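Enquirer: Produce the entire structure from the sequences given, and follow the hints as far as they go.
Here is how the chains run, residue by residue.
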Amino acid sequence: MLSLQHISKYYQVGGNKNYVINDISLNVDEGEFVSIMGPSGSGKSTLLNIIGMLDEPTNGYHYFVDQPVHQLKEKQRSALYKQYIGFVFQAYHLIDELTVAENIETPLIYQDVKGSERKAMVADMLDRFQIVGKKDLFPAQLSGGQQQLVGIARALIAKPKLILADEPTGNLNSKQGEEIMELFRKLNKEDGVTIIQVTHSEKNAEYGSRIINLLDGKIESIKNL
Amino acid sequence: MLKNYIKIAWRNILRHKAYSLINISGLTVGIAACLLIFVILQFETSYNKFNANYKNIYHIISEQKRDGNIDYNPGVSVPALEGFRLDMPQVKFAAVNSSYGSQFTILNNGESVSASDKKFIEPLGVMFTEPQFFDIFTTKWLSGDKNVLAQPNMVVLSKATADKYFGDWKQANGKSIKIDNAITLRVAGVIEDMPSNTDIPLKVLVSYITWKNAGELYGYTNEWGSLSSNHQIFALLPANMSKDAFQKQIDIFTKKATENKTNSTRIHIVQPLGELHFDTRIGNTLGDHLTSKATLKTLGFIAILIILMASINFINLSTAQSVGRSKEVGIRKVLGSTRSQLIAQVLGETMLVILFSILLALALAKIALPHLKNIASVPDDIALLSVGTVLFLVTTFVVVVLLSGIYPALVVSGFKPVLALKNKITAASIGGIPLRRALVVAQFAIAQLLIIGTIVAVNQMNFVNEADLGFNKEAVMILPGYTDSISLSKMESFKANLLQNPNIKSVSFASDAPSSDNNSGSNFYFNNSMKDPDFNTFLKFGDNDYFKTFGLKLVAGKGFAKSDTVNQFVVNETFIHKLGIKRAEDAIGKTMKLGSAKTFSPIVGVVKDFKTNSLRDEVKPIAISSRKALLSQTAVKIETKGLSNTAKAVQSLWEKTYPEYAYNGYFLDETIAQFYKQENQLALVYKLFAFIAVFISCLGLYGLVSYMAVQRTKEVGVRKVLGASVLNIVLLFSKEFMILIGISFLLAIPIAWYMMNQWLQNFVYRIPLTAGVFILAMATSIIIAWLTVGYKATKAALVNPVKSLRSE
Numbered sequence: 001m002l003s004l005q006h007i008s009k010y011y012q013v014g015g016n017k018n019y020v021i022n023d024i025s026l027n028v029d030e031g032e033f034v035s036i037m038g039p040s041g042s043g044k045s046t047l048l049n050i051i052g053m054l055d056e057p058t059n060g061y062h063y064f065v066d067q068p069v070h071q072l073k074e075k076q077r078s079a080l081y082k083q084y085i086g087f088v089f090q091a092y093h094l095i096d097e098l099t100v101a102e103n104i105e106t107p108l109i110y111q112d113v114k115g116s117e118r119k120a121m122v123a124d125m126l127d128r129f130q131i132v133g134k135k136d137l138f139p140a141q142l143s144g145g146q147q148q149l150v151g152i153a154r155a156l157i158a159k160p161k162l163i164l165a166d167e168p169t170g171n172l173n174s175k176q177g178e179e180i181m182e183l184f185r186k187l188n189k190e191d192g193v194t195i196i197q198v199t200h201s202e203k204n205a206e207y208g209s210r211i212i213n214l215l216d217g218k219i220e221s222i223k224n225l
Numbered sequence: 001m002l003k004n005y006i007k008i009a010w011r012n013i014l015r016h017k018a019y020s021l022i023n024i025s026g027l028t029v030g031i032a033a034c035l036l037i038f039v040i041l042q043f044e045t046s047y048n049k050f051n052a053n054y055k056n057i058y059h060i061i062s063e064q065k066r067d068g069n070i071d072y073n074p075g076v077s078v079p080a081l082e083g084f085r086l087d088m089p090q091v092k093f094a095a096v097n098s099s100y101g102s103q104f105t106i107l108n109n110g111e112s113v114s115a116s117d118k119k120f121i122e123p124l125g126v127m128f129t130e131p132q133f134f135d136i137f138t139t140k141w142l143s144g145d146k147n148v149l150a151q152p153n154m155v156v157l158s159k160a161t162a163d164k165y166f167g168d169w170k171q172a173n174g175k176s177i178k179i180d181n182a183i184t185l186r187v188a189g190v191i192e193d194m195p196s197n198t199d200i201p202l203k204v205l206v207s208y209i210t211w212k213n214a215g216e217l218y219g220y221t222n223e224w225g226s227l228s229s230n231h232q233i234f235a236l237l238p239a240n241m242s243k244d245a246f247q248k249q250i251d252i253f254t255k256k257a258t259e260n261k262t263n264s265t266r267i268h269i270v271q272p273l274g275e276l277h278f279d280t281r282i283g284n285t286l287g288d289h290l291t292s293k294a295t296l297k298t299l300g301f302i303a304i305l306i307i308l309m310a311s312i313n314f315i316n317l318s319t320a321q322s323v324g325r326s327k328e329v330g331i332r333k334v335l336g337s338t339r340s341q342l343i344a345q346v347l348g349e350t351m352l353v354i355l356f357s358i359l360l361a362l363a364l365a366k367i368a369l370p371h372l373k374n375i376a377s378v379p380d381d382i383a384l385l386s387v388g389t390v391l392f393l394v395t396t397f398v399v400v401v402l403l404s405g406i407y408p409a410l411v412v413s414g415f416k417p418v419l420a421l422k423n424k425i426t427a428a429s430i431g432g433i434p435l436r437r438a439l440v441v442a443q444f445a446i447a448q449l450l451i452i453g454t455i456v457a458v459n460q461m462n463f464v465n466e467a468d469l470g471f472n473k474e475a476v477m478i479l480p481g482y483t484d485s486i487s488l489s490k491m492e493s494f495k496a497n498l499l500q501n502p503n504i505k506s507v508s509f510a511s512d513a514p515s516s517d518n519n520s521g522s523n524f525y526f527n528n529s530m531k532d533p534d535f536n537t538f539l540k541f542g543d544n545d546y547f548k549t550f551g552l553k554l555v556a557g558k559g560f561a562k563s564d565t566v567n568q569f570v571v572n573e574t575f576i577h578k579l580g581i582k583r584a585e586d587a588i589g590k591t592m593k594l595g596s597a598k599t600f601s602p603i604v605g606v607v608k609d610f611k612t613n614s615l616r617d618e619v620k621p622i623a624i625s626s627r628k629a630l631l632s633q634t635a636v637k638i639e640t641k642g643l644s645n646t647a648k649a650v651q652s653l654w655e656k657t658y659p660e661y662a663y664n665g666y667f668l669d670e671t672i673a674q675f676y677k678q679e680n681q682l683a684l685v686y687k688l689f690a691f692i693a694v695f696i697s698c699l700g701l702y703g704l705v706s707y708m709a710v711q712r713t714k715e716v717g718v719r720k721v722l723g724a725s726v727l728n729i730v731l732l733f734s735k736e737f738m739i740l741i742g743i744s745f746l747l748a749i750p751i752a753w754y755m756m757n758q759w760l761q762n763f764v765y766r767i768p769l770t771a772g773v774f775i776l777a778m779a780t781s782i783i784i785a786w787l788t789v790g791y792k793a794t795k796a797a798l799v800n801p802v803k804s805l806r807s808e
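Protein sequences appear in the order of chains A and B. The first sequence begins at 1 in this note's numbering and counts up by one. The second sequence begins at 1 in this note's numbering and counts up by one.
No lab work stands behind these hints, which were simulated from the structure alone. Each hint should be verified, as a subset may be incorrect.
Lysine-lysine pairs mimicking DSSO-like chemistry, simulated, CA-CA at most 27 Å apart [to be verified]:
#  : chain 1 : residue 1 : chain 2 : residue 2
1  : A       : Lys114    : B       : Lys3
2  : A       : Lys75     : B       : Lys416
3  : A       : Lys161    : B       : Lys327
4  : B       : Lys327    : A       : Lys159
5  : B       : Lys620    : B       : Lys562
6  : B       : Lys327    : B       : Lys422
7  : B       : Lys3      : A       : Lys82
8  : A       : Lys186    : A       : Lys175
9  : B       : Lys3      : A       : Lys159
10 : B       : Lys422    : A       : Lys17
11 : A       : Lys73     : B       : Lys416
12 : A       : Lys82     : B       : Lys416
Partial pick of chain B residues on the chain A-facing surface, computed with a CB cut under 10 Å [unchecked claim]:
#  : residue
13 : Asn4
14 : Glu328
15 : Ile331
16 : Leu335
17 : Gln341
18 : Lys373
This one's a predicted model, so the numbers in the text were calculated from it and none came from an experiment. All residues carry an ideal CB built from backbone N, CA and C; glycine is no exception.
Expert: Have a look at this one:
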């Protein structure tokens, strides 16, 4: 599904190159559940952002569903990830001014889905996550776990092939975290959604089928489960 | 998608109430002010355009050159009319002779006027005119037709005048009215009322032939030597004739006709009807005012400045606010929004706010509309909404959206999603701080410009209103009267009766007050010489109490003795200086005679110079003498104590003495104030708009400082931990603004100096433009800025550093 070849990202600081990502190559197949681990500053989030096309590598080759991302223009890239990728964040990143239902609906607006169809899809999603009763609340009125649930619902509404999750349970207590991870597992197994998550937690990492350990911008080890 | 944007926009407005309030109120005030200025400009520029032949109508004015002096006169001598017609048969000409302040008496019993007859004084709109006038100008006849004006003693009334005189215009036809209790006229027609944007108001139209037949009563003289601004000629060109061709034919005619007939070189200038309302050379039109293009330009300029300031506020606040919205923008980008969709969203919000402001501005303008007549010569019932104003609002909407929406939209949509999500968007990273500073400088420069304008205009008008005119204008009543034989015969007893009242100090009959807009003058001969000096003297006539009543000071000799005819003169200092006489005493005993007079009369006194016209003009050479037949006004000097009671007593005595005339008295200082109506209006405009400008720039400053306070929370926290006091912090904030104000001041000075110096050139007597004015303006804006900044800065300085540093 995606392939990174010799990807590097560095910042020029004085005369030195300060590497965040240092020559990483990585392939992910459709249906995989990959966990990326590593200490702070090892480049996990940057790697995830590069995969999600929110960030650009300084050099290297990046293919996604057989398209050479490194050659695409911003507009094409944006069209590509709009179609295939859903994001889940540690800090949920819901739009404070919108209600639960409106937050979930937003990606559909940008994909030019018709109003009536959007309503139906949002209703489905609310149902599936059992948050129908909360649809008119604003994010500030929800608990962290509920907010992350909305965040995942929003990431899934456009039926992405790939979910990128940046420490999805980082702000949650262990019970809430477990529920979210179960949800990911279910999505991966039953719906065949490819998932790449960044996590600090050994336990959460083991929900995946492969664990990649980063250190100082390089892949230190890969463990297949 | 649109619904989603509007929803977000609305929620954003509500969430950031303070910002929204600043944004909306600044824009609302700005747009309302511009809208009202637009209404004024639209009205002033619409003058005379309702005439169907507007583009082909010309007004002919006279230019006289004599010894290097050029005088312009809106009138044309009487013989020109028939001459024009003979020489240019393809052009339609028509003359009007206007009469100001004529009285009309509605006759009930035959020809004679009785005290019970209704009497009306018409300050404007009384014209002696010909049927041909209506071939040129557009008028709708409700009854009768233009041909009735070919016969003598016929009068045509406008509908409103007819309603006023007879209750209903339908009753008017065939009724008799008397003009100035001298000529009986028969009402032979009624025309539709003129719109208010005309320079040729038609209220009472008397046939031209009536004027001719009346002879001297209304100053009819069929001679080139006589030139009155009352007698004006209009022309309608055939469609194929150009202005230049017309001017050429007029020139040929004028040269042929006037050579050796006048003592000056006479030229006739053709003036397109479209320029009539703005030609300040001719002093006045037949209507109530003319407007200088410069004034209209100043107004337009102010309007543009105001709208710019409001837009600047918007840009400043929106970009500042956008930092707080970076997260939302980041999320939207991640969720698949394209840059253009984000631009559309931000622009959409801007549009919503601006639309809201425009609606509020409309309401505000509606409330302010009745007061508009205080700053401009617009009619009381001027309309706010018209095709023009709607177009103006639409244009304003588009311009303001573009001016104030594009930049913030580009900034916001350009956020990098990764940075935005990590809250790494700061004021520094979006850049534009120099831009915002420049905008604040621009705002303050505009505000200071207007503050300086206000100080100068207000000072000059105070100077004008309190200037020593060389005579006493306080508590002097002027009673305009008539010079028919019956009125003249009652003069002495009227004066004696007035003086019975202990509160009346002095009474004088006069042609006009020392300061007036009367410009009657004549050539003259001095000291038995048969050659006239190279200047004309201006004339005033009064009785022997003229000097006492107006408090004029004689520097040599004495006032003239009581006389019904010209046999002694008093002249002013300018008069003798122009003749080269240095000592006033030397003039006493010299003789002079006016243009057509037969004998020379001695100069018995020299009066200290007084302001003969408004302070815009130089003091003119004046000769004062006595000639009973010209003393139409009664001047009454009264005690200031019990002023209004005495004024009432004067009125009732006047009405008892002259029952056949309507009372029309006024206080002299009021008419002198009228000289400066347009200047006083402009001073008020400056005051008003300086206030608005200061208000808007304070909003902008407040917005900017609150934004800075948020941005510098951490810095303030660190400084406080390191021991900075609240005052230190407030000074830290203020320092930057003081620098900005300093820069804006440097920008404002030269422009303000240039503008106000130009304006002061209108006055011969004017205040100097001193540094004090500029320092005062600077001090004012600094104080205002301090008050604005102080509150926010203090609040920021008072925050507990533990709180502001915790998030780091």
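Enquirer: Honestly, which of those hints from before does the structure not fit?
Expert: The structure conflicts with hint 18 only, although it agrees with all the remaining ones.
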